[in-house]
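Peer 1: Sequence:
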Amino acid sequence: MLGRYPIDVMLLATDLEVARKFYGEVLGLPLLLADEGFLTFGCGGDSRLVVTHSTTGTADQVTKASWRVDDLAGEVAWLRARGVQIQELPELGTVDGIADIGFALAAWFTDPHHNWIGLLQLKGPAVRPHGAATGAAQADVSDIPGAEREAN
Numbered sequence: 049m050l051g052r053y054p055i056d057v058m059l060l061a062t063d064l065e066v067a068r069k070f071y072g073e074v075l076g077l078p079l080l081l082a083d084e085g086f087l088t089f090g091c092g093g094d095s096r097l098v099v100t101h102s103t104t105g106t107a108d109q110v111t112k113a114s115w116r117v118d119d120l121a122g123e124v125a126w127l128r129a130r131g132v133q134i135q136e137l138p139e140l141g142t143v144d145g146i147a148d149i150g151f152a153l154a155a156w157f158t159d160p161h162h163n164w165i166g167l168l169q170l171k172g173p174a175v176r177p178h179g180a181a182t183g184a185a186q187a188d189v190s191d192i193p194g195a196e197r198e199a200n
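Residue numbers (the numbering used here): 49 to 200.
Do not rely on the hints blindly, as some may be mistaken.
[Stated by the list, open to error] Quick list of the computed label-pair ranges, beta carbon to beta carbon:
{"hint": "1", "residue 1": "D159", "residue 2": "K69", "range": "28 to 34 Å"}
{"hint": "2", "residue 1": "E84", "residue 2": "D148", "range": "17 to 23 Å"}
{"hint": "3", "residue 1": "T104", "residue 2": "D159", "range": "17 to 23 Å"}
{"hint": "4", "residue 1": "P160", "residue 2": "T106", "range": "35 to 41 Å"}
{"hint": "5", "residue 1": "A113", "residue 2": "G141", "range": "20 to 26 Å"}
{"hint": "6", "residue 1": "E84", "residue 2": "H162", "range": "25 to 31 Å"}
If you're looking for bench data, these hints aren't it; they were derived computationally from the structure.
By construction, the Cβ of each residue, glycine as well, lies at the ideal position given by its N, Cα and C atoms.
Build the full structure now, drawing on both the sequences and the hints.
Peer 2: In structure tokens, the structure reads:
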């Protein structure tokens with residue numbers, strides 16, 4: 049079921065301003081969302097590149113990719129039926145594997161090589177231009193599994 053949804057690639061950067069200049073100015077990607085912990089750039093079609101701040105370099109155990117889905121609970125049930133273990137993360141207040149992270153509902157699992165894979169059901173508009181009112185719609189990236197730690 050996930051093959052029909054867009055996926056966002058997640059990269060790490062120790063300096064988001066350097067990342068902003070490289071991806072935005074050098075590569076010419078439009079900046080869609082920005083926060084003190086992450087940058088989201090638009091790419092072809094509905095794909096996006098999310099650059100997350102890292103204090104320890106680019107080898108952190110963080111979410112590497114995240115699907116944007118329409119029905120998170122349905123996708124979680126489908127994955128569980130296929131034997132995928134959805135992560136319970138008490139620090140995020142997950143209920144049946146689903147966390148409310150502000151701008152979205154989210155769930156995570158790991159692949160056989162321990163890469164963190166996310167699922168997001170966005171609450172508001174899928175893409176807001178940089179500089180639009182953000183309010184509670186912005187996530188604190190430190191709340192996302194793997195951000196500056198290895199979660200199990």
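Peer 1: So, against the hints stated earlier in the document, which numbers end up violated here?
Peer 2: Hint 4 alone not satisfied by this model.
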